[in-house]
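With the sequences and hints as input, model every part of the structure.
Each chain is listed here by its residues.
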Amino acid sequence: MTAVSVDVTTISRATTARSITYREAMREALREALRADPTVFVMGEDVGAYGGTYAVTRGLLAEFGPDRIRDAPLSESAFVGAGIGAALAGMRPIVEIMTVNFSLLAMDQIVNAAAAMRHMSGGQFHVPLVIRMATGAGRQLAAQHSHSLENWYAHVPGLRVVAPATIADARGMLATALADPDPVLIFEHVQLYATEGELAGGSVAVDLDRAAIRRSGTDATVITYGGSLPRALAAADELAKAGIQIEVIDLRSLRPLDTATILASVQRTHRAVIVDEGWKTGSLAGEIAAILVEQAFWELDAPIERVCTAEVPIPYARHLEIAALPKISEIVSAVRRACHG
Amino acid sequence: MTEPLVAELLSMLCHIAPDIDPGVVDPRRAMVDQLDLDSMDYQSFLAAISSRYHIEIPETDVARLRTLEEVASYVTEHQAQH
Amino acid sequence: MNPTRDEALRLLGQMLLIRRFEERAAEDYAAEKIRGFLHLYIGEEAVAVGVLDAIGPEDAVIATYREHGHALARGIPPGEIMAEMYGRSGGCSRGRGGSMHLFSRAHRFYGGHGIVSGLLPIATGLALAERLRGSSVVTVAFFGEGAAAEGEFHECMNLASLWRLPVLFVCENNLYAMGTALSRSHAEPEIHKKAVAHRIESEVVDGMDVLAVVEAARRAVTAIRAQGAPRFLECMTYRFRPHSMFDPELYRERTEVERWKQRCPIEAFTARMREAGVLSAEDIAAADAEAIATVNAARSFAEASPIEPVEHLLDDVYTPRGVA
Amino acid sequence: MGEIRMPSLGADMDAGTLIEWRIAPGDRVTRGAIVALIETQKATMELESFVDGEIEELLVEAGATVAVGTLLARVRAVGAEVQVPPRVEPAPSIAPPIAAVMPAQPAPRIRSSPAARKLARELGLDLQTVVPSGPHGAIVLRDVERGRARPVAATLVQPPAVVPPVVQRPPLVAPAVTGSVRAAIASAMARSKREIPHYYLSHSISLEAALRSLSTINAARPIADRILPAAVMLHAVMRALWEVPELNGFWIDGAYQPSEAVHLGTAIALRTGGVIAPAILDADQQSLDQLMSALRDLVVRARAHRLRASELTGATITVTSLGDRGCEAVWGVINPPQVAIIGFGAFAERPWASAGQVTCHRVITATLSADHRVTDGHRGGRFLAELDRILQEPITP
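In order, the protein sequence lines correspond to chains A, B, C and D.
In this text, residue positions in the first sequence follow my numbering: the first is 1, and each later residue adds one.
In this text, residue positions in the second sequence follow my numbering: the first is 1, and each later residue adds one.
In this text, residue positions in the third sequence follow my numbering: the first is 1, and each later residue adds one.
In this text, residue positions in the fourth sequence follow my numbering: the first is 1, and each later residue adds one.
Don't take every hint at face value.
Each computed DMTMM-like pair below joins lysine to aspartate or glutamate, with the alpha-carbon atoms no more than 20 Å apart [what the hints assert, rightly or not]: (1) Lys-261/C with Asp-206/C; (2) Lys-241/A with Glu-330/A; (3) Lys-118/D with Glu-294/A; (4) Lys-241/A with Asp-219/A; (5) Lys-33/C with Glu-23/C; (6) Lys-118/D with Asp-219/A.
Covered by chain A, per the in silico footprint, the following chain D stretches (three or more residues, Cβ under 8 Å) [to be verified]: (7) 114–128; (8) 135–141.
A few chain B positions that, by computed beta-carbon distances, are all more than 12 Å from chain D [unchecked claim]: (9) Leu-5; (10) Val-6; (11) Glu-8; (12) Arg-66; (13) Glu-69; (14) Ser-73; (15) Glu-77; (16) Gln-79.
Source of the hints: derived by calculation from the structure; they are not laboratory data.
C-beta atoms are modelled at their ideal positions from N, C-alpha and C, and glycine is treated no differently.
Here is the structure:
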């Protein structure tokens with residue numbers, strides 16, 4: 001697969017470090033993009049007057065007006081497809097879908113049109129479309145608002161799939177995505193919106209071609225992304241108390257995968273644990289495991305471990321939901337197994 | 001009459017203890033001393049005999065089976081009983 | 001409409017080109033030069049030719065998988081279309097699309113789409129871009145009446161009407177969604193009424209009459225440019241050929257097909273033009289000869305076109321660095 | 001045709017210095033010929049070739065210090081006129097060289113992690129020589145790393161020169177080269193005596209109860225299922241180790257490393273000379289019956305030179321028993337890097353005073369030689385006392 005790398009114009013403003021939420025970082029990124037490029041517009045259900053299901057777009061309508069902060073009727077296929085059409089015609093739409101579960105209503109447009117357009121037109125048309133959507137569980141939203149289906153899209157050539165897991169990535173990834181000439185899907189984990197952290201300066205362009213090593217370690221590599229990153233880091237803290245140092249890789253881009261970073265890390269640690277909120281069967285974790293077996297087989301000193309969501313539609317009840325999702329303790333146990341003890 | 005049987009027993013012994021030289025075995029000398037067999041070798045040898053000739057060798061009989069000839073006689077005797 | 005001789009020759013030439021092109025395509029399909037699905041437009045030529053006669057090169061066009069006619073009428077070189085169907089490097093989609101996915105950036109022809117109704121949201125978006133830009137460009141979307149049963153159809157009618165988008169929805173009502181008759185798939189068989197329900201001004205036109213189609217399309221396009229709102233044109237038409245080359249046509253009577261063939265848009269047009277003294281028999285023969293010559297040249301072009309090197313297999317999945 | 005590599009000659013040898021080459025490119029060498037002098041941290045050793053051929057290229061200059069496993073020289077096949085090594089005649093009086101026997105045996109499948117396999121390949125280490133510690137008995141990376149640091153048994157095709165500094169080196173080759181094996185045993189044992197501060201304890205134990213119990217059990221069994229006193233002793237040792245586990249482990253790089261697994265080395269004398277102490281792996285997981293089966297299997301295979309190399313080097317503690325030879329007691333020399341060896345003499349009838357009465361008992365002398373760096377006499381005595389206690393219990397097969 002040809003990984004696309006785009007020259008990213010860094011829009012950096014010298015501001016001092018401040019505390020900001022993931023949600024605010026996203027909003028800042030949107031505002032910056034809207035200000036910088038008149039062809040950028042935001043479209044989606046309740047992005048305008050309501051302020052966004054997850055309040056990401058709150059306040060933007062007042063600044064940019066209803067043409068550019070465009071409330072769409074409940075017709076995912078139509079407005080996602082409209083985003084594709086507008087992108088084909090030279091605009092830079094940012095389409096927001098409330099959750100990945102709803103995106104299934106637009107999957108035809110994303111997979112059959114956006115992803116395929118460039119190829120089936122022999123390279124004549126490309127679709128510079130950004131689609132943002134919430135993903136993941138943890139808010140007791142049950143079986144139709146909680147799933148992590150990003151892997152379904154990561155399966156599709158022609159799409160780029162990213163998952164900002166940190167405040168800085170939430171702030172920086174949008175600009176990189178907008179600079180990409182091909183469709184980019186941004187998956188924002190619902191558990192991350194309220195997370196708060198220090199952000200130095202303004203937007204720092206994120207290199208979507210590279211996974212990030214969020215913590216260095218020598219005993220095992222934990223590969224994760226998005227909403228599972230904080231859990232992996234918490235597990236790392238716990239394991240460190242027991243003298244086990246894990247390396248935590250935040251994939252950032254789910255397609256294409258930064259295979260080189262994953263392989264280099266596992267070559268150092270010889271053990272891999274993959275944490276993925278998707279269901280294990282047919283998961284991204286499975287894909288990464290396969291890559292490791294194909295390309296790092298001789299480096300492995302233990303079976304690859306996967307920590308994924310239980311094979312069940314996400315239940316409503318709090319304790320059941322917790323039971324279904326990957327837990328810090330499971331990551332710890334998986335790492336311990338990988339370390340033979 | 002026991003000659004072929006002795007040869008066969010010797011061959012079984014060599015299978016269990018391949019590092020002995022069958023050419024120097026005196027069938028009238030006690031095997032343990034002569035061949036440097038240890039208790040395990042010896043038990044394995046008697047177990048093989050028990051299995052091959054379908055005879056029981058009670059614990060109490062083991063002490064009197066010291067030479068190849070004694071073993072051969074024992075086998076002949078007990079086979080005849082069947 | 002009373003066309004001039006030039007106008008008449010233009011419309012006739014395009015319809016004949018489509019007819020002869022597709023006849024040879026069917027032949028080439030039988031000879032295995034064309035594979036995959038091949039959906040022929042024969043019988044429906046007046047719709048594409050009539051509607052596309054009403055727009056300019058700046059306007060955008062998007063169509064279904066039965067789009068050879070639209071691509072030809074839009075002016076995409078026939079050789080490139082045939083080469084595409086042959087799967088050759090010289091094809092208008094470089095052999096990636098085939099019959100169902102003809103594209104041309106130069107002609108603002110946004111393809112051939114294989115998912116029924118899937119082109120409608122894209123058409124809506126193409127129009128949205130023009131709305132946001134404030135241009136007078138019109139987007140024309142061709143689709144069959146089968147698409148009107150899809151949810152996407154209604155989403156798009158709603159969206160285009162709500163946002164007053166400059167799009168002309170052209171429903172080619174050929175009475176069958178593959179093998180399912182209109183009456184068996186639509187509670188409301190008058191498709192334009194569905195658009196009306198979304199407050200889109202609609203018109204029904206005889207799709208076998210190219211002049212009627214031209215007139216209706218011109219009216220619609222003018223209205224769209226003036227009012228900045230979508231229009232809906234339901235063209236009653238009929239395909240003379242099976243749905244695709246695999247179709248044994250169990251769902252319709254031969255006699256029905258023969259009855260519609262009596263209304264062949266080309267024959268009807270030539271008869272009328274001769275009657276009106278606009279075109280002579282020689283004109284018509286010459287136009288046909290020219291169409292045949294063009295198709296032959298297209299086939300030669302396609303035949304001579306190289307195949308894509310397999311090393312290029314992964315091209316155009318993503319935009320290479322530094323492009324766009 | 002062949003290679004000469006820096007061998008591992010000691011428990012803590014990671015590298016060796018090539019002092020001088022005794023051969024030059026173009027020289028013909030035969031198996032067993034001395035080709036170089038190498039120096040380790042402990043001693044200067046002769047390096048033997050274990051291939052026949054002609055020296056093609058010397059890859060390391062004299063004076064260089066290189067890692068164990070480094071290729072030192074290449075040996076190519078000599079011309080057709082050169083006599084190929086004679087096939088060993090299957091003369092019944094000579095034990096077939098193990099190198100000739102082993103290839104006929106399908107190599108047992110070794111469970112190991114890919115990374116362990118890769119490192120072993122890079123180090124030129126035979127995985128059969130590595131003691132597993134991973135799940136399901138798998139060899140994992142750390143085992144290979146330990147194997148590199150620990151005495152590595154000669155792989156089945158390795159030369160006599162690459163001998164483990166363990167006393168129970170098997171005669172892997174024909175008796176013709178036993179001399180060098182003998183020398184290696186001598187050197188290793190000398191090292192043991194030089195480096196390990198042994199202390200020795202002995203204790204007389206009545207076996208009367210145990211042997212009677214055993215007779216009862218055996219009387220009801222066909223001969224093939226009977227339990228030998230040797231197995232009873234091993235089982236008792238294994239159980240006594242639960243009480244004093246520090247005797248089970250290694251002294252490596254100046255530090256004690258306990259071993260969780262108990263791989264019980266069992267000295268077996270070979271009639272062709274020498275002694276080997278293959279290990280009953282995971283002895284602590286086994287019942288008496290299982291241990292007996294394992295011992296029987298081990299002895300039979302030892303006789304047939306069909307031991308797995310992991311058994312040859314895997315022992316975490318050794319038991320030597322000279323009872324069959326009639327010796328009263330044996331004071332073992334610790335097999336480095338192990339830290340203890342237990343000896344049993346012959347059991348013999350002795351007057352036995354107990355509760356004011358003298359009766360006739362079958363008595364055995366158990367001894368313990370242990371590394372004073374790891375344990376002291378008090379703990380050692382605890383072990384022998386525990387052994388005694390266990391042997392007074394009725395036997396449970």
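If you test the structure against every hint from before, which numbers come out violated?
Violated hints: none; all satisfied.
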